[in-house]
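Q: Sequence:
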Amino acid sequence: MPFGIASAPAIFQRVMDQLLAGIPHCAAYLDDIIVTGANEEEHLETLRRVLRRVADYGFKCKREKCAFMQNDVTYLGHIIDRTGKRPNPERVAAIKNLPRPRNVTEVEAFLGKVNYYGRFIAELSDKCEPLNRLRRKGAKFKWSQDCQRAFERLKNELAGATVLVHYDPKLPLVLATDASSYGVGAVLMHRYADGSEKPIAHASKTLTAAEKNYGQIDKEGLAIIYGVKKFHQYLAGRQFELVTDHKPLVAIFNPAKGIPQTMENRLQRWALCLSGYRYTIRYKPTTQHSNADALSRLPSGPDATFEDVGAEQIRKIQAVALQEAPVKQADILAETRKWKLMQTVHKFVTSQWPRRMNKVNNPELNAYFKQ
Numbered sequence: 001m002p003f004g005i006a007s008a009p010a011i012f013q014r015v016m017d018q019l020l021a022g023i024p025h026c027a028a029y030l031d032d033i034i035v036t037g038a039n040e041e042e043h044l045e046t047l048r049r050v051l052r053r054v055a056d057y058g059f060k061c062k063r064e065k066c067a068f069m070q071n072d073v074t075y076l077g078h079i080i081d082r083t084g085k086r087p088n089p090e091r092v093a094a095i096k097n098l099p100r101p102r103n104v105t106e107v108e109a110f111l112g113k114v115n116y117y118g119r120f121i122a123e124l125s126d127k128c129e130p131l132n133r134l135r136r137k138g139a140k141f142k143w144s145q146d147c148q149r150a151f152e153r154l155k156n157e158l159a160g161a162t163v164l165v166h167y168d169p170k171l172p173l174v175l176a177t178d179a180s181s182y183g184v185g186a187v188l189m190h191r192y193a194d195g196s197e198k199p200i201a202h203a204s205k206t207l208t209a210a211e212k213n214y215g216q217i218d219k220e221g222l223a224i225i226y227g228v229k230k231f232h233q234y235l236a237g238r239q240f241e242l243v244t245d246h247k248p249l250v251a252i253f254n255p256a257k258g259i260p261q262t263m264e265n266r267l268q269r270w271a272l273c274l275s276g277y278r279y280t281i282r283y284k285p286t287t288q289h290s291n292a293d294a295l296s297r298l299p300s301g302p303d304a305t306f307e308d309v310g311a312e313q314i315r316k317i318q319a320v321a322l323q324e325a326p327v328k329q330a331d332i333l334a335e336t337r338k339w340k341l342m343q344t345v346h347k348f349v350t351s352q353w354p355r356r357m358n359k360v361n362n363p364e365l366n367a368y369f370k371q
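In the UniProt record's numbering, the protein residues as written are 1 to 371.
Read the hints as simulated data drawn from the structure, not as lab findings. It should be emphasised that the depicted structure is a prediction, and the values quoted were computed from it without experimental measurement. Backbone N, C-alpha and C define an ideal beta-carbon position, used for all residues, glycine too. Any given hint could be a false lead.
[Claimed, not checked] Straight-line alpha carbon distances no greater than 30 angstroms define the calculated DSBU-like cross-link-like pairs of lysine-lysine that follow:
| hint | residue 1 | residue 2 |
| --- | --- | --- |
| 1 | Lys340 | Lys229 |
| 2 | Lys113 | Lys85 |
| 3 | Lys229 | Lys212 |
| 4 | Lys155 | Lys170 |
[What the hints assert, rightly or not] Distance ranges between label pairs, derived from CB positions:
| hint | residue 1 | residue 2 | range |
| --- | --- | --- | --- |
| 5 | Asn366 | Arg14 | 24 to 30 angstroms |
| 6 | Ala8 | Lys62 | 15 to 21 angstroms |
| 7 | Asn156 | Glu197 | 21 to 27 angstroms |
| 8 | Gln268 | Gly237 | 20 to 26 angstroms |
Build the full structure now, drawing on both the sequences and the hints.
A: Pasting the structure below:
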């Protein structure tokens with residue numbers, strides 16, 4: 001592949017994704033590979049598999065650029081260790097030393113740097129609101145005291161950013177959401193055995209012109225839908241607790257009750273959307289709801305990845321809610337491990353499929369090979 005073509009990074013990233021496919025506890029951004037493990041044995045086994053796969057693809061690693069058995073690593077602007085991840089202090093120091101923006105282009109550049117670490121800052125969209133006003137079409141650039149306060153506050157927030165814990169499928173999940181007059185926010189957290197809750201990620205967005213006209217109950221409902229859709233990959237198929245400081249929504253979105261037929265269409269659509277998730281809902285007073293409350297009051301800006309379910313076709317309808325699945329996930333996993341065909345498929349998926357199936361004397365594998 002020649003140097004300089006626009007599609008080169010995407011093509012190379014696809015190759016790296018294919019190279020590491022099926023190997024757990026590792027990731028790659030272009031030629032930067034990170035390998036993890038819960039303990040030394042798991043880490044070394046993953047490392048062996050990665051190096052073997054690299055060799056199979058005809059690639060080589062330069063020893064001088066490799067670091068092994070590290071307690072923490074600097075990766076894509078983050079410091080990652082066993083406790084979680086946090087912004088790289090060197091990057092944060094560079095942002096903290098930035099002079100105040102002198103035009104819209106510099107405002108957007110600053111917000112871009114801050115948004116890269118947006119998951120660490122609660123109520124980011126609200127905190128960015130004074131600066132986002134400068135970016136509106138037709139707005140005259142005037143740096144006010146509100147802008148200066150927001151600018152300094154964002155830099156200070158970034159300097160004291162909370163450490164985000166690693167997602168653990170074995171720990172309970174809590175999603176806290178809240179809405180203000182100009183933004184919505186959500187915090188995804190793990191609950192630990194001692195009852196403490198620690199954040200996995202923060203998310204927030206400013207309200208559109210139409211959403212600002214919603215009543216407060218609709219804004220709070222939008223915050224819930226935004227949080228659920230934003231963290232869908234963590235929540236889908238898992239039991240989680242939904243926390244809101246708007247008491248009427250506890251009854252409206254209660255999964256143990258039917259969808260109220262007398263409420264407005266928008267809330268009905270949202271309730272129908274939530275019926276595809278497994279959750280309980282709990283009311284928490286605003287005075288105890290600081291994480292999500294701060295996010296909604298300091299939104300980071302519009303979120304182009306979010307689309308209100310009112311504007312899309314609802315694809316999932318949960319007709320019958322089962323209190324307990326007839327077959328447990330652990331049982332499926334145990335029986336699958338006893339299935340010889342699946343053992344062979346798993347071996348090929350996690351290592352590498354043969355180039356030609358005629359060398360493998362098992363016609364049942366053909367269907368999986370074609371996938």
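Q: So, for every hint listed, does it hold in this structure?
A: Here is what the structure says about each hint:
Between the alpha carbons of Lys340 and Lys229 the distance comes to roughly 38 angstroms, so the proposed pair goes past 30 angstroms and is violated. In summary, the hint linking Lys113 to Lys85 is supported, as the alpha carbons are separated by about 17 angstroms, within the 30 angstroms threshold. Distance check on the hinted pair: Lys229 and Lys212 sit about 20 angstroms apart at the alpha-carbon level, within 30 angstroms; holds. Restraint check for Lys155 and Lys170: not satisfied, since their Cα atoms lie roughly 35 angstroms apart, outside the 30 angstroms limit.
About 25 angstroms separates the C-beta atoms of Asn366 and Arg14, a value consistent with the hinted range of 24 to 30 angstroms. Take Ala8 and Lys62: their Cβ atoms lie about 20 angstroms apart, and the range 15 to 21 angstroms holds. For the pair Asn156 and Glu197, the supplied restraint of 21 to 27 angstroms holds, since their beta-carbon distance comes to about 24 angstroms. Hint check: Gln268 to Gly237, Cβ distance near 24 angstroms, so the stated range 20 to 26 angstroms holds.
The structure shown violates the earlier hints numbered 1 and 4.
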